[in-house]
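Visitor: Sequence:
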Amino acid sequence: MTMSEDASTTPSPTNDPKPKDASDGLASLDLTPPTLVRAVTIGALSYAVAWVAACITTVLALLAVSLDDEDVSWWWILTAPGQLVAMAFRSPAVGSFDSGDEDFAMSGKVSVTAVPLTILLVATAVVLILSRRDERRGPANTVKGMVSLAVASALTFVTIAFVIALVLTPGEDDTSYRASQFQLILFGVAALTVVALVGRRPLALWSAFRSIPVAALDAGRAALVHFLVFSALAVPAIAIYIAAEGSPEAILAMPVALINLVIFALTLGHLGALSANGFGGFFGGSDSDSDTFWLFSDDAPKVFLLLIVFAVVATLAAAVTLRLRHDGAPRTTAHWVWTPLVFAIAGGAMSLLATVSFNAGFGGAVGGGVSAGPAAWFLLVFAVWGAAAELGSRTIAPALVGLVPAAWQRRVVGQRPEPLAAPEGPPAEAAGTAPATAPPPAAGQALDARTKKILIGVGVLVALGIVAVIGISVANKMYFGPEKQAEAYFDALSSGNADDALDLVRLDYSSDERVLLTDDVLEASDTTISKASFGDVETHGDTATVTARYTIDGAQQSQELTLEKTGSRFGVFDEWKIIDPGLGTVSVTAPGASSLDVNGLSVDVEGLDDGVTLPAFPAEYQIAPDSGSSLLSYGAKTVTIGKDEESLEFEAEPNNQFMAQVAQQAKTFLDACIKRHEAEPEGCPNRTYWSDLKDVSWKLTEEPTYTVESDYEGGWTFSTQTPGSATVTATEPGLFDGDADSKYTDKVDISISGTVQVSGDAVTIEVDDSYF
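Counting from 1 along the sequence shown, just add 61 to a position and that's the residue number in my numbering.
Take these hints with a grain of salt, some might be off.
[Unchecked claim] Result set (DSBU-like, lysine-lysine): computed pairs, CA atoms no more than 35 Å apart in a straight line: (1) 638 <-> 728; (2) 545 <-> 626; (3) 736 <-> 626; (4) 626 <-> 704; (5) 760 <-> 704; (6) 728 <-> 704; (7) 755 <-> 698.
Simulated from the structure, these hints should not be mistaken for laboratory data.
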């Protein structure tokens with residue numbers, strides 16, 4: 062149906078405006094309701110096929126597990142496929158769990174990123190095929206229409222995938238896993254839109270594709286053939302190896318990770334390496350480790366060397382492809398550049414897609430993760446193999462081309478884009494013509510008599526002298542007077558240009574005292590001066606005083622600037638320098654601080670223990686001392702500095718992180734004491750004062766709370782704010798020989814105190830056991 066026919070059948074606005082609005086919206090995207098429905102159907106059907114493929118691979122994997130005499134939950138058949146489809150677009154499966162055990166409760170979170178490339182291939186292939194069939198059925202008339210249909214299909218697929226992954230989550234009562242993360246939306250929509258576009262319009266027909274260098278396209282085709290040939294050789298080899306290793310049931314689980322396994326094999330066969338990188342943290346500490354595996358590792362099976370043969374065969378196939386694609390034309394330097402480059406890109410893409418990562422955290426105190434996949438440098442290794450393919454296309458490939466059947470040759474060559482038409486050049490200029498040469502100008506006329514010239518010259522000089530004297534006087538007053546220097550100074554301050562302001566003044570402060578007189582600090586101020594004006598200027602010889610008034614933070618202030626004449630410019634214009642700008646100061650005292658944070662910028666300042674006085678331009682400053690540790694905070698204070706002196710005093714305060722570390726270390730100390738099987742464990746607060754007890758067992762029933770105070774010498778102490786309690790159970794021997802043992806129980810208060818040492822972002826407590 063044509064657009065005119067659509068318009069003729071559209072109801073009039075007076076009868077039913079809503080359908081017209083919807084139709085107009087679709088028309089703006091070059092869509093019609095039927096085409097939109099078909100695009101949505103493509104997305105839905107593609108997801109259904111991908112889900113079925115994921116379901117089949119799930120069933121096969123569960124069968125493999127069940128054949129190994131393992132208990133399995135067949136509910137995974139319903140919940141796992143949706144998660145696999147979502148994970149195919151690099152959406153991590155995030156799981157949370159909570160043990161709920163009264164004695165040892167634990168909660169945590171795990172995240173797994175693993176792209177099942179088999180599912181990704183099925184999803185993209187179905188979108189490509191269905192989009193191509195739909196385009197043949199009813200071609201889109203415009204590029205906008207194609208893009209709109211492709212986006213509609215992609216959005217439909219991703220929306221269904223997100224909802225299914227969100228709703229159908231595998232797990233037990235205390236655990237759940239779902240892959241409905243933002244990566245699904247980000248990568249899914251982008252990837253499927255591109256695939257749908259390629260389906261609707263082959264790459265060879267896109268002008269952007271035709272602008273790609275032919276050498277790059279040839280290399281891309283060769284890399285694809287390289288991967289397919291290697292895969293054809295590696296897949297049966299992988300299956301045979303798995304069966305030979307005594308795990309034939311594992312072959313059932315191969316489909317879900319088949320392409321991932323091929324990429325691992327390809328990495329090894331091309332003399333790359335598989336790397337595993339792990340890291341972990343335990344109560345603030347951290348550690349990391351890494352390991353690599355390649356064909357010549359000590360634990361590598363010798364049969365893996367067969368992968369090198371596969372790599373060589375695949376490289377020869379790529380060389381033949383390059384030869385066929387170039388149609389006998391000589392290879393150029395561009396091919397030496399593009400072939401390794403395209404292979405490097407392909408190697409990097411395979412490394413990214415095949416890498417698997419796992420992260421876990423438990424209760425915020427223990428965490429770790431591991432990632433495994435092709436080493437990051439594999440792209441360079443694959444680029445070398447690309448160069449080998451290029452070399453083979455020039456040497457061995459001509460002899461191998463005849464071995465390839467004609468039908469296969471046509472498939473290998475594929476459809477090559479027609480080169481873009483060269484723009485028409487401008488018409489050639491006519492030869493033998495030259496621009497006409499203009500005749501020389503006529504000679505000037507003779508001047509008047511000599512005396513007349515002299516008189517005119519003298520008159521001009523006198524007039525110029527008079528104008529110069531008046532002009533210099535006015536210029537000195539208007540542009541070079543002391544008030545102009547004062548105006549330039551305050552203009553620089555109001556715009557936050559401290560360096561420009563400093564160029565206009567002469568200061569006797571040392572570099573250590575000028576830490577606030579910088580562009581960065583002044584520009585970062587929320588409030589600077591405004592509405593500057595100037596009163597009378599008093600001049601006494603070479604010295605002048607200018608009174609300036611300005612507004613800062615809503616309040617009006619005034620100050621005097623003293624200037625001195627330092628010379629002249631060109632011998633006629635006065636030069637003035639501000640020798641006393643009347644700066645205000647701020648005195649800061651912060652015992653233990655290592656630097657200051659001023660307006661969000663770190664400023665190195667020494668002497669904060671006893672106090673330091675710093676000059677500052679008129680502005681608002683937010684000042685916060687920095688202890689050099691994230692555990693201590695001085696707080697921030699805001700001060701507006703004009704011409705007067707301001708004073709700020711700070712005291713360090715431990716923050717919640719400080720207190721948490723103290724409490725955690727105190728808990729660790731108490732846990733060690735509670736584990737002691739003694740009535741009076743040495744150096745511990747849990748003491749029952751009965752030394753003959755047997756089978757002593759302690760239990761901390763209530764943990765103490767603590768408070769931290771400064772010892773006024775740069776250190777810290779902690780003490781118990783609210784005592785805890787512990788119970789002890791034991792066996793009490795009979796008082797006399799022959800008396801039966803009895804059960805002994807007691808409840809004691811738990812209190813500890815001691816000192817706290819701060820080192821960077823960590824604290825260490827030392828318990829004072831002199832009272833135990």
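Visitor: Between residue 545 and residue 626, does the CA-CA distance stay at or below 35 Å?
Guide: 13 Å, holds
Visitor: Quickly compare the C-alpha distance for residue 626 and residue 704 to 35 Å and report which way the hint goes.
Guide: 23 Å, holds
Visitor: Does the alpha-carbon distance linking residue 736 and residue 626 stay inside the 35 Å limit?
Guide: 83 Å, violated
Visitor: Are residue 638 and residue 728 close enough, with their CA atoms no more than 35 Å apart?
Guide: 65 Å, violated
Visitor: Under the criterion that the straight-line Cα-Cα distance not exceed 35 Å, is the pair residue 755, residue 698 satisfied?
Guide: With Cα atoms ~60 Å apart, residue 755 and residue 698 exceed 35 Å; violated.
Visitor: Check whether the Cα positions of residue 728 and residue 704 lie no farther apart than 35 Å.
Guide: 53 Å, violated
Visitor: Verify the proposed pairing of residue 760 with residue 704, using a straight-line Cα cut of 35 Å.
Guide: Distance of about 65 Å is beyond 35 Å: violated.
Hint check: violations occur at hints 1, 3, 5, 6, 7; the rest are consistent with the structure.
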